[in-house]
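Peer 1: Protein chains in written order, with our numbering: chain A, 1 to 184; chain B, 1 to 191.
Calculated from the structure, these hints are not laboratory results.
The model shown is predicted, which means the values in this text are computed figures rather than measured ones.
One should not assume that every hint holds.
[Claimed, not checked] Which residues of chain B face chain A? A few of them, derived with a C-beta cut under 10 angstroms, are:
| # | residue |
| --- | --- |
| 1 | F8 |
| 2 | W14 |
| 3 | P23 |
| 4 | E28 |
| 5 | K32 |
| 6 | D106 |
| 7 | A153 |
| 8 | E190 |
Every residue gets a Cβ at the ideal spot worked out from N, C-alpha and C, and that includes glycine.
Single-letter residue listing:
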Amino acid sequence: MDGADQFPSRTMQDEHYARAAADLGPALERLARAYEADPDQRRDLLQDIHLAIWRSFARYDGRCSERTWVYRVAHNVAISHGQKRRRSRPDKLLTLDELAARGDPTQPDPEVQTADRHALARLTALIRALVPPDRQIVMLYLEGLEAKAIAEVSGLSPGAIATKLHRLKAVLANRFNQGGPDER
Amino acid sequence: MSGDPSDFDPQTLWQSQAQEHEPMSLAEIHQKALKLERGVRWRNIREYVASVIVVAFFTPVLLHRESWMMQAGAALIILATAFVAWQMHRRTATNPIPEAGQALRDHHRQTLIRQRDALRSVGWWYMAPFAPGMVLLMMGRWFQSHVSSRSLAMDHLAILLASGFVVLVFGGIWWLNQLGAKRLQQQIDEL
């Protein structure tokens, strides 16, 4: 038994979910990776995200695109997960502005030190060091969303998103290409 | 602006990550949803059982005929237990769940505000309801009901120590919650 009778619009809900999982499954996995370093916790987070997306489609009203809806739900679940984790492991998170102004926050992390030259590991560590609102914008940008779409998902104005993306690109260029403080 | 350098494309790098996990099947999703609902049901049952234990603990005091203050105190504590159980049920039932599809900024802010308010108000909905009953209970012990095997002075000392302990525990819980609320307020201000 799987409790199927408890949900009135199960077929539509399943269809929405199946389409979203097929289209955005890899992006959701990357999202979980950016929020959670521990592999077991990451698997749990990913499952929670999928479950939340499926449940959410029971009340999806079509006022935004499925992609926007899925990203909102996924990030909201990941944020709640991150808040619970931070209570037991309170790290200082940074805004994009703080990140631009100071040295590489990933340096003290032993996991990153061993993979110091690995750009993806460094990019992931950089994302994890950000405060949730900035982290979401960075990830949505990395997934290839335009500023307007990021604004729709995040609830910020397109102007605010453009400013943050400008800052982000400068930070990335500084750290990954032009011999930032981590390129020692 | 620096722009993306030609030899480093963060979007391509990010999207080129290999997948670690197989996607969940619909059957697995349905199973997990059922498990979640069972979990919520069990959490509610645990809370009700805890309330029943408190009520069972104070019910004998209701029959303690030599002190009307203790009887009234026990009755108030039982009422307070029911009130707190109702509050907890109401508060957990109305929590906005992440799958509401809210914009990220709104969800994040509302989550923090909800947590802050819960911590700030813990004094009135979780602690204050027990105060009248506790005070009456202690007054009943002080004025109307003494342990015969102890001297009056020693009995009063025991009551004072017990009262002080209760005040310390309640005060400590309140203080920790206010501290947590203050930290959350800082996070809200930073948004």
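Peer 1: For this structure, which hints from the list above don't hold up?
Peer 2: Failing hint: just 7.
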